[in-house]
Structure formats: C-alpha cells, structure tokens
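A.B. asks: This is what each chain is made of:
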Amino acid sequence: MLASLGTGSLSAAQARKAILSGQVCGPLSFRGRLDLSGEKNFRLPEHLSGDTLDISGTQLSALPEHLQVRELIAKNLPLSEVPASLRVQFRLTLDGCARLQHLPQNLTVGSLSLQDCLSLETLPEGLNVCFLNVSRCEALANWPRQAEVSFGHLLARDCLSLRGLPSWLSQLAQLDLSGCRGVTALPPHLKISGWLDVAGSGLTALPAQRPALRWRGVRISERLAFEPETISGAEIMAEPNTEVRRVMMERVGYERFLDEVGARVLDRDTDAGGERVLVWVELPEDEPFVAVCVSCPSTGRRYTLRVPPTITRAQAASAWLAGFDEPSLYRPAVEA
Amino acid sequence: MLYRHGDVLVQSVSEQRVSDLPAAHPRPGVTLARGEVTGHSHRFRDVASVQLYTVGADTYAQVLAESAELIHEEHATITLPRGLYKVWMQREYSPEAIRRVLD
Chain A
0 MLASLGTGSL SAAQARKAIL SGQVCGPLSF RGRLDLSGEK NFRLPEHLSG DTLDISGTQL
60 SALPEHLQVR ELIAKNLPLS EVPASLRVQF RLTLDGCARL QHLPQNLTVG SLSLQDCLSL
120 ETLPEGLNVC FLNVSRCEAL ANWPRQAEVS FGHLLARDCL SLRGLPSWLS QLAQLDLSGC
180 RGVTALPPHL KISGWLDVAG SGLTALPAQR PALRWRGVRI SERLAFEPET ISGAEIMAEP
240 NTEVRRVMME RVGYERFLDE VGARVLDRDT DAGGERVLVW VELPEDEPFV AVCVSCPSTG
300 RRYTLRVPPT ITRAQAASAW LAGFDEPSLY RPAVEA
Chain B
0 MLYRHGDVLV QSVSEQRVSD LPAAHPRPGV TLARGEVTGH SHRFRDVASV QLYTVGADTY
60 AQVLAESAEL IHEEHATITL PRGLYKVWMQ REYSPEAIRR VLD
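Top line first, the protein sequences correspond to chains A and B. Numbering that gives the first Met the number 0 numbers the first residue of the first sequence as 0 and each following residue consecutively. Numbering that gives the first Met the number 0 numbers the first residue of the second sequence as 0 and each following residue consecutively.
For reference, chain A alone in the conformation it holds in the complex (with noise of 0.2 Å):
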C-alpha cells in the first residue's frame, strides 16, 4: 500500500533540495513530481514516498529499501536488481539498465516498461501487471510459471531469444512480437482485442481468434503477412500507400522486387566478396528505393541492402551499412 501523503509531506522541490544536500534521512514523503534525473553523487533515503519519482541517468546502483511512489522512472541505471520493498502503484520503468537480472517474486505494478534491459534473463513469479513492455531484452528466454499480463499490452519487440509465449497468458489488448523469430505460436486461449504485429516473428499463420495484423506498426492483410510470395512487383508499384508499399517490397524480398520492376545500375565494383551493384528503382510519390548488392565473403551467399537514396557509389553504400557516414574512413582489413 503507498503511505499517506499526509500535511507532513515536502513540495518536490523542497524534498529534492533535501535531498541533494545530503541532509536527509528517512522517512521522508513528497509531493508532485521529484526529478533528480541525471544528477550524481547523491543518496536517497529509505522509506522515501510521494507521487513521480525520475532518477533516470544517475549512476545510482542501487535503490533504497521501502521506496514507495505511485510513478518511478529509472531509466539507464547500473542496477542489478530491485529490493522486494519497492511498491510503485501506477507505473515502474526501468528501461536501459542493461546490468538488470533480477526482479523481486510477486512485482504487481501497473504499467512495468523493461526496454533494453539486455541482461534481463527471466521475469520474476507471480508477476502482475497490466502493461508490460520488454522490447530488445535480447536475454530474455523465460517466462514465469505463474504471472499475470493482462488488458493492457504485451511488447516483446526483437526479444531475440524468446521460443515462445507462456500458457497464462490470456487476454491482452495488444501484443507485438515483431522481430521475435523464435516464436511460431500464440497461446492457445490467448484473446487479442486489438492488434498483433507479427513483423519477422515465426508467426506463419493468422491465429484462429483473427486479431487486426500490423507489420512494425503499419496495418496489413493476412496475405502480405503470410503469403508474401503471392505478390508480384507490379501490385507493389500499384499500391497508394507508401507505407504499405514499403512493406510489400520487405515481404517479397529486394531480389525478386528489383527482378521483377527492373532497377537501373548506378555502380559497379568489387569487394571482399566478389562484385559489388548499386541500384535504383524510382518509387511513385515516394523516396527511389537504393539498395547494394553484396556477396558474403565467407557464404557467397548474395545479400541485397537499402541505402539512403543519397548515395550513389557501391562503396559509399558498404560503408554507410557499416555505420560509417563519411566512405573514406571505411576500410576494412579484414573481412569474413
């Protein structure tokens, strides 16, 4: 339960001058929003309560015991875990604190945002939220035996070892597993009021309760999703909507796009893995699609790649791909 915000309690700015001076201990209780995001070389004392804490950004490692507030915001922190004495009524993010592995048995919170939070391997049991968001937790392969997500949303976006969704899971508004290669099933009696984003998942098949499908946020058809191979370039080139366009021209794969609407070569050279052709396709009402084709030096296997449409040499292109903004700079010495 939060503690009552009694007369006694500080205005935010009075608790965070409190604070900073190094002053205070606890309890302490404050009102409105207290924002300490991205000062260092303070502490914070046990049995803190109020509204909105943000701590994001401030080294801390570690949060004091019997913190309790309605929204905590702790964003890119060196935590490795929370103390079992944390109560946060409305909303916990945590997103960014890459050194996260544990969570406390029994968390019930809200709204609970995990994002990047790239050591994160398993969920903690009998976990309870309505709102969970653990996009690109690349660790994350376990789910608990017994927990509860449930109304809100489900975000799993590019959690890259996930194999599956867990059997409790039963009713959500909305649940993205787009880029979740590893899953190929949702829960049997899973219901999704709203929609499921199945963009690179291993979704290969619309589930039976035929939830509205999106492809990275854009709405789709249940063809472009799962029968990709059934579009050709000219329904590609015919479609008005750019952002659908776009997803077309993902679902059928550059190669056979480029086969079957005829790109123009802009440039033509070698590189580690043999011949290097950068193309252009003009797009109506639209950027030109430009993309490199590369042959993978220890495959051969042939790799098509877009490329801002600024870029006009095969070379600029590798090295754009490589993160590398100025091509001069891009030499690699070795490829494999």
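The reader is advised that the hints may include incorrect statements.
[Claimed, not checked] Cut-off 20 Å, straight-line C-alpha distance, at most; resulting in silico cross-link-like pairs (SDA-like, lysine to any residue): (1) A:39 - A:57; (2) A:39 - B:18; (3) A:16 - A:44; (4) A:39 - B:24.
[What the hints assert, rightly or not] A few chain A residues that don't get close to chain B, going by computed Cβ distances all over 10 Å: (5) 13; (6) 16; (7) 32; (8) 41; (9) 84; (10) 110; (11) 173; (12) 184; (13) 188; (14) 255; (15) 285; (16) 327.
The set of hints was computed from the structure by calculation and includes no laboratory data. Note that beta-carbon positions come from the ideal geometry of N, C-alpha and C, so glycine has one too.
On the provided structure of chain A, position chain B as indicated by the hints.
C.D. replies: Frame of chain A; chain B shown alone:
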C-alpha cells in the same frame, strides 16, 4: 584496425582503456550477436579470453589473452590480438527508421 564478421563490425580502440570509458559495466557471456533465424551466433571461442562491457548503448570487448578467436557457424574465424575493441552491428536503411539488420 576495422574487422568485419558478417554483419558485426569490430574496431580496435587499443589507444583507450576500459577505465577511460565512462560508466563501463561488465556484461556476462562472450556472444556479440545471435541470428534469431538460424540460432547461429558471432561469439568468442574461449570464454576466458574476453570480457565484454556495456557503455550506454555501446558494446566493447577486451581481449585479455594474447589473442582471441571470433567465430560463427558460417563465417571464417577472425583472430583478434590483445586489446580493446568497439563492437557494433551493421545497419540497414528504412525510410521510417534505421534498424538493425537481422541475419
């Protein structure tokens, strides 16, 4: 010196030390990237030869031994000498956003 291992880029920054990097945190494991289609991964062969670090959104690899072998099921092995390396993934252009290439 810049190394390219499939869609993983590794650049020597041996003029720097880990202690020079602000808020560098050790990261468990020796895997740099995993292909979620194949399950294959870009990783170091010997777990004792390398320590990974997270610096904000960046990844660094410290080769602790005389050398360390960067391996993958399909790519030729690259041998990295002792030193500090910055590691990042190739990007791909999308009109909406720049996103990571998924192999």
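A.B. asks: Now tell me if each hint is right for this structure.
C.D. replies: To see whether the hints hold, each was checked on the structure:
1. A:39 - A:57: At roughly 6 Å apart (the allowed maximum being 20 Å), residue 57 of chain A and residue 39 of chain A satisfy the hint.
2. A:39 - B:18: Given pair residue 39 of chain A, residue 18 of chain B holds - Cα atoms ~19 Å apart, limit 20 Å.
3. A:16 - A:44: Holds. Residue 16 of chain A to residue 44 of chain A sits at ~13 Å (cutoff 20 Å).
4. A:39 - B:24: Distance ~17 Å between residue 39 of chain A and residue 24 of chain B Cα, so the pair holds.
5. 13: holds, 30 Å
6. 16: Residue 16 of chain A clear of chain B: closest Cβ-Cβ about 26 Å, beyond 10 Å.
7. 32: holds, 25 Å
8. 41: The claim stands: residue 41 of chain A keeps its Cβ more than 10 Å from every Cβ of chain B (closest is about 16 Å).
9. 84: Holds, since 24 Å exceeds 10 Å.
10. 110: Holds, because the least Cβ-Cβ distance between residue 110 of chain A and chain B comes to about 23 Å, which exceeds 10 Å.
11. 173: holds, 19 Å
12. 184: holds, 16 Å
13. 188: Holds, because the least Cβ-Cβ distance between residue 188 of chain A and chain B comes to about 26 Å, which exceeds 10 Å.
14. 255: Given that every Cβ of chain B is farther than 10 Å from that of residue 255 of chain A, nearest at about 17 Å, it holds.
15. 285: The claim breaks: residue 285 of chain A does not keep its Cβ more than 10 Å from every Cβ of chain B (closest is about 8 Å).
16. 327: holds, 13 Å
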